[in-house]
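Peer 1: With the hints as constraints, model all of the structure from the sequences given.
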Amino acid sequence: MRSLLYIVTALAVIGLAFWAYQENYQTQAEIAKTEQINREIGQARARLTVLRAEWAYLNRPDRLRDLADVNFDRLGLSSLRPDQFGKVDQVAFPRPPESELVMTNPVDVSSMTGGETVTRGDGVFP
Amino acid sequence: MIRTPLRPLARILEARASGENPDAIERENLRIRHEQMRDKSRTRAEGRLLILSVMFFCAFGVIGTRMGVLASTEPSEPRATAAGSIIQAQRADITDRHGRILAMNFETHALYAQPLQMVDKKRVAAELAAIFPDLKQEKLLKDFTGKRKFLWIKKKLSPEQKQMVHNIGDPGLLFGPREMRLYPNGKLAAHVLGGASFGREGVHAAEVIGVAGVEKYFDDELRDPARRGAPLALSLDLTVQAAVERVLYGGMKLMNAKGAASVLMDVNTGEIISIVSLPDFDPNARPSPLIEGDASDSPLFNRAVQGVYELGSAYKIFTAAQAMDLNLVNHQTMIDTGKALRVGGFNIGEFKKRNYGVLSVADIIVKSSNRGTGRLALQIGAKRQKEFMKLMGFMDYTPLEIIEAKGGKPLYPERWTDLSAVTISYGHGISNSPLHLAAGYAALANGGTYIKPTIVKRTGAPQGTRVVREDTARYARQMLRKVVTEGTASFGEVQGYAVGGKTGTADKPKPRGGYYKDKVIATFASLFPAHNPKYVLVVTLDEPSETSGKKPRRTAGWTAVPVAAEMIGRVAPLLGLRPEIEPGELAGITLTSN
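Order-wise, the sequence lines are chains A and B.
This note's numbering numbers the first residue of the first sequence as 23 and each following residue consecutively.
This note's numbering numbers the first residue of the second sequence as 8 and each following residue consecutively.
Calculated from the structure, these hints are not laboratory results.
Where is the CB? At the ideal position from N, CA and C, for every residue including glycine.
No false leads were mixed into what you were given.
EDC-like cross-link-like pairs, simulated, lysine to aspartate or glutamate; straight-line CA separation at most 20 Å:
{"#": "1", "chain 1": "B", "residue 1": "Lys162", "chain 2": "B", "residue 2": "Glu134"}
{"#": "2", "chain 1": "B", "residue 1": "Lys515", "chain 2": "B", "residue 2": "Asp301"}
{"#": "3", "chain 1": "B", "residue 1": "Lys169", "chain 2": "B", "residue 2": "Asp141"}
{"#": "4", "chain 1": "B", "residue 1": "Lys163", "chain 2": "A", "residue 2": "Glu76"}
{"#": "5", "chain 1": "B", "residue 1": "Lys541", "chain 2": "B", "residue 2": "Asp478"}
{"#": "6", "chain 1": "B", "residue 1": "Lys143", "chain 2": "B", "residue 2": "Asp127"}
{"#": "7", "chain 1": "B", "residue 1": "Lys169", "chain 2": "A", "residue 2": "Glu76"}
{"#": "8", "chain 1": "B", "residue 1": "Lys390", "chain 2": "B", "residue 2": "Asp332"}
{"#": "9", "chain 1": "A", "residue 1": "Lys109", "chain 2": "B", "residue 2": "Glu589"}
{"#": "10", "chain 1": "B", "residue 1": "Lys161", "chain 2": "B", "residue 2": "Glu145"}
{"#": "11", "chain 1": "A", "residue 1": "Lys109", "chain 2": "B", "residue 2": "Glu587"}
{"#": "12", "chain 1": "B", "residue 1": "Lys265", "chain 2": "B", "residue 2": "Glu550"}
{"#": "13", "chain 1": "B", "residue 1": "Lys260", "chain 2": "A", "residue 2": "Asp84"}
{"#": "14", "chain 1": "B", "residue 1": "Lys163", "chain 2": "B", "residue 2": "Glu208"}
{"#": "15", "chain 1": "B", "residue 1": "Lys162", "chain 2": "B", "residue 2": "Asp141"}
Pair by pair, the computed Cβ-Cβ distance ranges are:
{"#": "16", "chain 1": "A", "residue 1": "Ser100", "chain 2": "B", "residue 2": "Gly176", "range": "48 to 54 Å"}
{"#": "17", "chain 1": "A", "residue 1": "Asp91", "chain 2": "B", "residue 2": "Ala292", "range": "23 to 29 Å"}
{"#": "18", "chain 1": "B", "residue 1": "Pro29", "chain 2": "A", "residue 2": "Val30", "range": "49 to 55 Å"}
{"#": "19", "chain 1": "B", "residue 1": "Glu35", "chain 2": "A", "residue 2": "Ile36", "range": "50 to 56 Å"}
{"#": "20", "chain 1": "A", "residue 1": "Lys109", "chain 2": "B", "residue 2": "Gly520", "range": "56 to 62 Å"}
{"#": "21", "chain 1": "A", "residue 1": "Arg61", "chain 2": "B", "residue 2": "Gly414", "range": "44 to 50 Å"}
{"#": "22", "chain 1": "A", "residue 1": "Ser101", "chain 2": "B", "residue 2": "Met171", "range": "39 to 45 Å"}
{"#": "23", "chain 1": "B", "residue 1": "Lys163", "chain 2": "A", "residue 2": "Asp91", "range": "30 to 36 Å"}
{"#": "24", "chain 1": "A", "residue 1": "Ser101", "chain 2": "B", "residue 2": "Arg391", "range": "42 to 48 Å"}
{"#": "25", "chain 1": "B", "residue 1": "Lys154", "chain 2": "A", "residue 2": "Tyr43", "range": "53 to 59 Å"}
{"#": "26", "chain 1": "A", "residue 1": "Tyr47", "chain 2": "B", "residue 2": "Met62", "range": "25 to 31 Å"}
{"#": "27", "chain 1": "B", "residue 1": "His105", "chain 2": "A", "residue 2": "Asp91", "range": "21 to 27 Å"}
Peer 2: Okay, here's the thing in C-alpha cells:
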C-alpha cells in the first residue's frame, strides 16, 4: 500500500513537471508572439502617424486655397460669403413627375406574344 | 530486530549457582541497552541537523545568488506586462476644436558620428557637406580628425537625407531614432502653438519639450503617459483661423501697418476661436529671439496677448456702462461736452479740437466724446472705476493658457487720481492687450458676466462673475450698434450680421515719454450680431495709414474697421451664423425710457 502511494506520488511529480515544462514553453511562445504583434502595432501606428501627418499637411488651408485658386476654371470655388445663405422656402419644389399617358383605347396583344405584360389603362397585368 | 534479553537464563542460573545477585546482571544489561539507545538517537539527531543545515545553506545560497543577479544585471521590464504601454508613451497631439491636427509627432532620425570608427574621414566630410549645404567640409574634417570620440551632426533628418547619408556607407556615421514635433499647417496659429525643441538627448531617444505657447504651458500634461496619447483639443477653429489670418494679413498690407492682431472670442463660453498676431513665424523652424532692439519687433512677439497698448476710445463703453449700472445716468441723460473740462491742471479736449455740445450718453459713445466720458468718470469716481476695471480683468494678465500670457501685464497708474480716471475713461493711461479688450467686450455682449478667456475647448458655458446688470449690458450693446450705424465705425456694417462696436485710435507713446504725432494704434472692438451677440472680434493695427485720400488717414474708422468688417463677412458664415434681418431695436433705443 505504501509503495503504491510512493509510485503514484512519483508519477504525479513527473506528470506535473512535464505539464509545467509544457506550460512554460507555451507561455514563452505566446509572449514572443505578443511581442511580435506589439512590434507590428507599433509599426502600424508609426505608419498611421506618417499618414495622418501627410493628410494634415496636404489639407493645410494654405494649400487648399492655392489649389482652389489654380482650379478656379474647373471648380469655381471661392470663399463662403453671407449672401450664399438661402432659406428653405426659396428652394423650388421639385417638379411633379410627368403624368403617364392615359390609355383610353388599349389593344389586347396577349394573344400575339403570349405571357407578356399588357397595359390596360389604369394598371399593369401579367 | 532481536533484542538482547535483560535476564538471560543461562547467566542467571550461573549466577544463582555461584550465589551472586542475578539482579546485577539485569541492571548491567539495562545499562548497556540504554547506552545503545542513546548513541543511536544521537547519530540520528546529528544526521538531521546536518540535513537541515544543508537545506538552510541551499536556501540562503539561492536567495543570495538571486539577489546578486538582480543587483548586478541591467533592469528590464517584465516581458508579459510591458505590452502596449511603450508604444504610446509619446507627446500628445494638439488639435483644433473639430479634431483637426495642429501639432503632432513625427518619427525621424538624428545623425551622429563616431570618428574612431570612421574609415575615410576626408570622403565622409566631403559627401556630408554635399548633402547638407549648411555644413562646412573643413569644419567637419577638423571635428573628425580631432580628439572627439562622438559628435552630433544633425538633429533631424528627412527620409531622403537619411537615405543619402546611408549611401555614404561609412561605419562611423550612425543614426539615432528621434521624435520630432511637426506643425503641418505651417505658420497657422504659430503664436498659440509656440514650438518645441529637444530637452535631454541620448543616442536612442530625446525628450521633446515645449518652448512656448500651449506647448510650454501644457508641457507636463502633454508628456504625461497617463493621457495615453489623448490629444489636447484647443478652442481654435482651423478654418476660421486661416481665414482670419489671411484677411488680417491683407488688411495689414493694405493699411501699411507694421503689425496687426486680432482676437475672435465666443462670448458665452469664453473660448478663443481665433487669435492672430502678425508678423508671425513658422513653429517648425522657430526663429531665435532678438538679442538687441525692441522685443516687440520680433515675429515671436504675440501682439494679441503680450502687446499691451493704450487702446483708446474703445474703453469709453465701459465708462458709460458703469455709469448706467450705478444709476448715475441712463442712456438718454444729457451731458454738456461743450464746456471746457480741466482736471488736475490738464485740459481735456476732443479729437481734432471739435466741440460736440450737449450730448446724450448714447451719443457720447456714438460721437466718441472724450469730455463726455471724462465727466461720466468724474461722476463715477476714481475708486469705483478702479474696482470696475479690476472686475473686468483689465488689471491682471489674461488667464489664457499660453506661457506668454503672463508677459501681457497691464500698465496702469500707481496712484489712481481724478486725472487718471478721466484719461482711463477714454482709454489712455491704461495699457491692455487686445485679448483684455475682447474679454471685456464679451462681458457686455453676453449680458453682463465676465468670463475668463480660454484657449482650451470647453464643454458648456462656465460660471462668470457678474459685472453689470443685464439691462445695462443691453443698452451698451445698442450704443455699440449705433456707433456702426451712425457713428465713427460706419465702414463696419456687414449686411445681415448687425455688427456693433467701438473704434479706438491711440497715439503711440514714445519710449522716452510723450507721444508720436504720426504713429497710432488703431483698434476696433466689435460684437456681432448686436441683438444677440455670439462673438466678439477685436482688430488692432499697429501704425496703420490709409493713403487713398489726399492726406494719410490713421483713425481706426478708416483702417481697423474695414478690415474687421471684411473679417466678419468672411468668418461669420464659417461659424455657422446665418445672415438675418435685425429686429427693429434702433427705434427701441429712443422709445424706451424709465
